[in-house]
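Protein chains in written order, with full-length UniProt numbering: chain A, 1 to 237; chain B, 1 to 615; chain C, 1 to 260.
Keep in mind that the hints were calculated from the coordinates and are not lab data. Using N, Cα and C, we set each Cβ at its ideal position, and we do this for glycine too. Don't take every hint at face value.
[Claimed, not checked] Covered, in the sense of this in silico footprint (three residues per stretch, anywhere, with C-beta under 8 angstroms from a C-beta of chain B), are these stretches of chain C:
no., region
1, 82–96
2, 102–112
3, 223–236
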Amino acid sequence: MAEAVLEVSGLKAGYGPAEVLFGVDLTLMRGEVAALMGRNGAGKSTTMKAIMGLLPARAGRLRFAGQDITGWAPYQVARLGLGYVPEDRRIFTDLTVAENLEVGRRPARGGRAPWTPERLWSFFPNLAEMRGRRASAMSGGEQQMLTIARTLMGNPDAVLLDEPSEGLAPVIVEQMAEAVLRMKDEGIAVLLSEQSLDFAAAVADRALVIERGEIRWTGTMDALENDEQVRATWLTV
Amino acid sequence: MDVGFIVVQSLSGLASASALFIIASGLTLVFGVTRIVNFAHGSFYMLGAYIAVTVVPWLLEIDRSPTLFFTGVLISAIAVGVLGVLMELLLLRRLYKVPELFQLLATFGVVLMVQDAVLKIWGPVDIPGPRAPGLRHGVEILGQRFPAYELFLIVIGPAVLGLLWLLMHRTRFGILIRAATRDREMVGALGVNQAMLFTGTLFLGAALAGLGGALQIPRVSASSQMDLSIITEAFVVTVIGGMGSVPGAFLAAVLIGQLQAFGVLVFPKITLVLVFLLMAAVLVVKPWGLLGRPEAAAGRAALPEGILAVRGFGRVEKLIAGLAIAAMLAVPVFGDAYTVKVATEVLIFALAAFSLNFLVGNGGIVSFGHAAYFGLGAYAAGLLVTKGGLPMEPALLAAPIAGGLFAALFGFFVVRLSGIYLAMLTLAFAQIAYAVCFQWVEVTGGDNGVVGVWPSAWAASRQVYHYVVAACAILAIIALRRVVYAPFGATLRAARDSEQRADAIGIDVRTHRWLAFTLAGGAAGLAGGLYAFSKGSIDPTLLAIPLSVDFLAMILLGGIQTVMGAVAGAAAFHTIKDIFMPLTDFWRFLLGASIIALVLVFPRGLAGAFAGWRA
Amino acid sequence: MTLLAVEGLNKAFGGVVAARDVTFALSAGEMLAIIGPNGAGKSTTFNMVGGQLRPDTGRVVLAGQDITGQPPRQVCRMGVGRTFQVAQTFLSMSVVGNVQMALIAHHGRTRDMVADAARLYRDDALALLARVGMEGEADRPIGELAYGDVKRVELAIALAAAPRLLLMDEPTAGMAPRERAALMQLTADIARGGGIGVLFTEHDMDAVFAHADRILVLVRGEVIAEGTPEEVRANPEVQRVYLGTSGHKAALRARRAAHG
Chain A
1 MAEAVLEVSG
11 LKAGYGPAEV
21 LFGVDLTLMR
31 GEVAALMGRN
41 GAGKSTTMKA
51 IMGLLPARAG
61 RLRFAGQDIT
71 GWAPYQVARL
81 GLGYVPEDRR
91 IFTDLTVAEN
101 LEVGRRPARG
111 GRAPWTPERL
121 WSFFPNLAEM
131 RGRRASAMSG
141 GEQQMLTIAR
151 TLMGNPDAVL
161 LDEPSEGLAP
171 VIVEQMAEAV
181 LRMKDEGIAV
191 LLSEQSLDFA
201 AAVADRALVI
211 ERGEIRWTGT
221 MDALENDEQV
231 RATWLTV
Chain B
1 MDVGFIVVQS
11 LSGLASASAL
21 FIIASGLTLV
31 FGVTRIVNFA
41 HGSFYMLGAY
51 IAVTVVPWLL
61 EIDRSPTLFF
71 TGVLISAIAV
81 GVLGVLMELL
91 LLRRLYKVPE
101 LFQLLATFGV
111 VLMVQDAVLK
121 IWGPVDIPGP
131 RAPGLRHGVE
141 ILGQRFPAYE
151 LFLIVIGPAV
161 LGLLWLLMHR
171 TRFGILIRAA
181 TRDREMVGAL
191 GVNQAMLFTG
201 TLFLGAALAG
211 LGGALQIPRV
221 SASSQMDLSI
231 ITEAFVVTVI
241 GGMGSVPGAF
251 LAAVLIGQLQ
261 AFGVLVFPKI
271 TLVLVFLLMA
281 AVLVVKPWGL
291 LGRPEAAAGR
301 AALPEGILAV
311 RGFGRVEKLI
321 AGLAIAAMLA
331 VPVFGDAYTV
341 KVATEVLIFA
351 LAAFSLNFLV
361 GNGGIVSFGH
371 AAYFGLGAYA
381 AGLLVTKGGL
391 PMEPALLAAP
401 IAGGLFAALF
411 GFFVVRLSGI
421 YLAMLTLAFA
431 QIAYAVCFQW
441 VEVTGGDNGV
451 VGVWPSAWAA
461 SRQVYHYVVA
471 ACAILAIIAL
481 RRVVYAPFGA
491 TLRAARDSEQ
501 RADAIGIDVR
511 THRWLAFTLA
521 GGAAGLAGGL
531 YAFSKGSIDP
541 TLLAIPLSVD
551 FLAMILLGGI
561 QTVMGAVAGA
571 AAFHTIKDIF
581 MPLTDFWRFL
591 LGASIIALVL
601 VFPRGLAGAF
611 AGWRA
Chain C
1 MTLLAVEGLN
11 KAFGGVVAAR
21 DVTFALSAGE
31 MLAIIGPNGA
41 GKSTTFNMVG
51 GQLRPDTGRV
61 VLAGQDITGQ
71 PPRQVCRMGV
81 GRTFQVAQTF
91 LSMSVVGNVQ
101 MALIAHHGRT
111 RDMVADAARL
121 YRDDALALLA
131 RVGMEGEADR
141 PIGELAYGDV
151 KRVELAIALA
161 AAPRLLLMDE
171 PTAGMAPRER
181 AALMQLTADI
191 ARGGGIGVLF
201 TEHDMDAVFA
211 HADRILVLVR
221 GEVIAEGTPE
231 EVRANPEVQR
241 VYLGTSGHKA
251 ALRARRAAHG
């Protein structure tokens, strides 16, 4: 059994008076790709923000890479090796592609070969051609690739990937799936939130189904695909 | 007009623009990253000049070379940069999460402290700086002589812009600053420690202000008034250019430099007004400035910073209010002339502060130029008596009308904005009013103002005039307090709490805010009129920034979260000021430190302490 | 009879189409839910009806009157009450004060500078609070209430304008699961009892299928299905978009195989 890289237990969070998470428990294993599946409003993005420390956890514990990161500032969590790709991308639009990568640069841990812009150009050939271009002049799909590349520059051990296929054209979705699978090949654990069963099935080993701020079902991706009952209850109308 | 003259005029505009840009670029960088509008930026500029007039002559003793001159300038800039770092570590770090009003006030507290520190260290006399070796001559341009140092300044502005560009685009620090200006939180989520970034930015911003000040020494003497005059100009430049945008600041500085250079030919009296009119026009058409971007929606505080529950007076409060009124009425009977004077002024400032908290505490409209309406009321009354030959009674009636009319005019623009931009615009309008009173010497007497503003014969004694003031101020406060409890006051609080909800239940938020601004301006105008007759004179300090800040300090001291706090705050503030100011040479230092202490430790003021004691 | 008619609404932001030819109608006393995945155009459609957004083309007609492009305060005066995804209330006021404020606005007395606001329409406000079961909390500061109760008060605020139509943007968002059903039941009772039409968006499918009379499914700004809950549930197109099954399954599978 592989060891857990990220452990979340009893996580509660919300915005102002509104409560969104009612006690989320989940585990991400080292090197695996897990899909956090759920309808919109179920609490996927909130879970990721709370893990990163972008939203205060009102209750619960967060452990990452063997340390208790509950209450840490986002920059501390990031420095420990947890990358975050937000749903709305949050590219620095005034900056060029290369500059966006520079913002994300952190030294590699544990003697691994660090990510460099050159390595990322071969990973995302499209970006190489537009390295000097302002990010505001990129298409949505290109921006999505850039956010992933930017996060990789931090040499993370695990990445939270919020809705990576959202709003992208089919051909870009395929490239995105390719990128996730290559991250896995590099030994990076990925927790991605998804609404698309096809995309999740293509990249994830395991599925975690969230609804109304709690994890309702956990199993292999194959099991979810074959269990119409679970899908009907938690994912479709 | 010949071509040579126009060219030279334009060149001198460019020289001023260069100097202004260097200062404003620092202000805009600091705002972009920290989201704090730093009043103390003007103090950094002044400190740059003072340090330079100290260091540069000392260096020139060794050798009168241009190299040593500019070494001295750079040393001054770096020294000021270090002071900026100190300010970030000691103060700003505690301010990032407090409301904008408190941020502005706290940095203004630094302004006051630096003013007294400068007087203590360098004395009250202006200190002229040395001319720059190698740049002391004039240059012939199309038949006109033009100072070589001005030409040098014209070059240095774009040079600084270029260096800043390199810093911003070729270094990691600069790239992080640009990224943080767009999205601070995401920069943090990528592993960047924001605290270090903020400290570095403050060094850069303060050093630019210091550089601007140090470069001025061959042109102007170092004086203890240079902080506030430059800060308003720098505010205007950053607001017109778009807060956070360095190229915007450059563009705006050039625009303003040319406007001033040629405006002085057409309207010699009102160049300042032209600048502020440009700002008002830009803000109405492009609320975020020429090259600025809309603010990302900031997270809403859980509770509004202002009046919470409006409760009626309980037994204790009624007793206190009754005693206060009785004491005010008894002062002429038992007190000496000095006590009567202080009591009269307390009543006047209580009304002014109450009208300000009607806007700030009740309406969430943070006005940084409330003294304008106070001063305009004073000028209306004073000029009608001295130049118009009217008696006191109609002049006192004209004071609130003047305050209200100008508030209606300025408020029309003000209520279109919100947050920091609104505060900046109120400040700008106050500076327009100040500039007109200052520059229109024939009518207003300029800097000296007008004397001979005396009450009618029946009210000429201090005692009787005290009762006139008491009647007007107490009735006005009671009336305005009534409005707070009336549907109109509740509507303002509703719009402050949630503009979206107010809109959805059918409230025209803008119109109500405009009415409130007008009403508060009228009340402040009445207070100003009363003040003019109590002093017997009017002068431009009645509309100046320091008085606006006094009013804000009063409501902060009293507690902006309660209805009557402003009155208590005005009484306490004015009494303390009157007692302690003659005793110390460091009144402003103490005031500045107290404002900072209030913001950091005691943000709910006297009324908050009272409520805590009652509970 | 038709209370709200939405005809051919279009809205684009930059080059992105957020609503394309959205058309639907709503009768008095009817509850119509708009559902759809993220970015489907639900909020855009909603805000065009509520006046927060002006449509590029198309019309919004309320009880025979064209309200297209009117600002929210005007839409409110035409008889539309609204609740927000994150409840919007007046935090400095008491529970009853919030409802009184809405009544003061409804009666056009916001510029009254003399009357005592705390006494105006208090009884009417208490009656409205009673309708949502919150009269017992009338004098508490609204900031102290549990979020579910805040949402009930927000409903009372919306009802203060005696609306013919209620717009509810994700009424159950942010509420604890057990509070959700009760709020939806309350809304349904008030709507049917008072002949008020309700247009709502919602993520919680239990809430939608238990209470909506009809459901409108939006995807990428277009209405792809409309009908009773049973019809929508049986619609294969709806199932497909909700699971993001978009025809390139094979290609995605091939990628996975390539990575072993």
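Hints versus structure:
1. 82–96: holds (count 9)
2. 102–112: Since 8 is at least three, the answer is holds.
3. 223–236: violated (count 0)
The structure fails to meet hint 3 from the earlier list, while all remaining hints are met.
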